[in-house]
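*Asks:* The chain contents come next:
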Amino acid sequence: NAGVTQTPKFQVLKTGQSMTLQCAQDMNHNSMYWYRQDPGMGLRLIYYSASEGTTDKGEVPNGYNVSRLNKREFSLRLESAAPSQTSVYFCASSEQGRRYEQYFGPGTRLTVT
Amino acid sequence: QQQVKQSPQSLIVQKGGISIINCAYENTAFDYFPWYQQFPGKGPALLIAIRPDVSEKKEGRFTISFNKSAKQFSLHIMDSQPGDSATYFCAASIKGYSTLTFGKGTMLLVSP
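As given, the protein sequences belong to chains A and B, one line each in that order.
Going by the working numbering, the first residue of the first sequence is number 1, and it counts up by one from there.
Going by the working numbering, the first residue of the second sequence is number 114, and it counts up by one from there.
Derived by calculation from the structure, the hints in this document are not laboratory data.
As the structure is a computational prediction, the values presented were derived from the model and not from experiment.
Treat each hint with caution, since some may be false.
Stated by the list, open to error - DSS-like mimics (lysine-lysine), calculated; alpha carbons at most 25 Å apart, straight line:
{"#": "1", "chain 1": "B", "residue 1": "Lys217", "chain 2": "A", "residue 2": "Lys57"}
{"#": "2", "chain 1": "B", "residue 1": "Lys118", "chain 2": "B", "residue 2": "Lys170"}
{"#": "3", "chain 1": "A", "residue 1": "Lys71", "chain 2": "B", "residue 2": "Lys155"}
{"#": "4", "chain 1": "B", "residue 1": "Lys208", "chain 2": "A", "residue 2": "Lys9"}
{"#": "5", "chain 1": "A", "residue 1": "Lys14", "chain 2": "A", "residue 2": "Lys71"}
{"#": "6", "chain 1": "B", "residue 1": "Lys155", "chain 2": "B", "residue 2": "Lys118"}
{"#": "7", "chain 1": "B", "residue 1": "Lys217", "chain 2": "B", "residue 2": "Lys171"}
{"#": "8", "chain 1": "A", "residue 1": "Lys57", "chain 2": "B", "residue 2": "Lys208"}
{"#": "9", "chain 1": "B", "residue 1": "Lys217", "chain 2": "B", "residue 2": "Lys155"}
{"#": "10", "chain 1": "B", "residue 1": "Lys171", "chain 2": "B", "residue 2": "Lys181"}
{"#": "11", "chain 1": "A", "residue 1": "Lys71", "chain 2": "B", "residue 2": "Lys208"}
{"#": "12", "chain 1": "B", "residue 1": "Lys208", "chain 2": "B", "residue 2": "Lys128"}
{"#": "13", "chain 1": "B", "residue 1": "Lys217", "chain 2": "B", "residue 2": "Lys118"}
{"#": "14", "chain 1": "A", "residue 1": "Lys57", "chain 2": "A", "residue 2": "Lys71"}
{"#": "15", "chain 1": "B", "residue 1": "Lys217", "chain 2": "B", "residue 2": "Lys184"}
{"#": "16", "chain 1": "B", "residue 1": "Lys208", "chain 2": "B", "residue 2": "Lys181"}
{"#": "17", "chain 1": "A", "residue 1": "Lys9", "chain 2": "B", "residue 2": "Lys184"}
{"#": "18", "chain 1": "B", "residue 1": "Lys208", "chain 2": "B", "residue 2": "Lys155"}
{"#": "19", "chain 1": "A", "residue 1": "Lys57", "chain 2": "B", "residue 2": "Lys118"}
{"#": "20", "chain 1": "B", "residue 1": "Lys208", "chain 2": "B", "residue 2": "Lys184"}
{"#": "21", "chain 1": "B", "residue 1": "Lys170", "chain 2": "B", "residue 2": "Lys181"}
Said to hold, decoys possible - Derived CB-CB ranges, DEER-like:
{"#": "22", "chain 1": "B", "residue 1": "Ser168", "chain 2": "A", "residue 2": "Gly63", "range": "24 to 34 Å"}
{"#": "23", "chain 1": "A", "residue 1": "Arg109", "chain 2": "B", "residue 2": "Thr141", "range": "31 to 41 Å"}
{"#": "24", "chain 1": "A", "residue 1": "Lys57", "chain 2": "B", "residue 2": "Thr141", "range": "37 to 47 Å"}
{"#": "25", "chain 1": "B", "residue 1": "His189", "chain 2": "A", "residue 2": "Thr15", "range": "41 to 51 Å"}
Positions of the beta carbon are idealized from the N, C-alpha and C atoms, including for glycine.
Could you build all of it, start to finish, from the sequences and the hints given here?
*Replies:* Okay, here's the thing in structure tokens:
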């Protein structure tokens, strides 16, 4: 099992450019999450999908959109990147009944210049 | 509004010492308290978790202590090793919700 995979690992964007971060899990988990991690700010939830077909806003959703493509895949889109979106982005998943145990991907380091 | 307050932000401990990280919460609806460990360049991973009806849980050198009346819980790392150097996050979850509320993290450095 690969667990949670994320692409790309690194990305540099110019202000105003758009991009999609991809995430896939092979553990048959129902719930998937997108976080951003910034120094001193911990892990902040951007969006989550409690189950296939549903998405909900987290703590910091502005400037982002998500798509739960199927049970395996959950993508995060930046429509018009801003320097404030420079961060490390993590995707995670969890199974129903063990919501306290989230499995994280390796992260995408995004720099917006 | 931060619902789980974690301290300290950073911690330096000598090899063989005890590392202690504390968390406090206000929301009494929280019903599960996990700790995550994150090594540089990696995603966080579940380390240990506790329910509020248990006062202590031990797994190897890692122990969670839980004080329900004070709404506080802490992670103790006994005989700390350089390989324990990582960022540690406490978290809390609410029954019926699939999200976790994370503390801001503690960067632990265990000096050789």
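*Asks:* I'd like to know which numbered hints this structure contradicts. Please list them from smallest to largest.
*Replies:* Violated hints (numbers, rising): 4, 5, 12, 17, 18, 22 and 24; every other hint is consistent with the structure.
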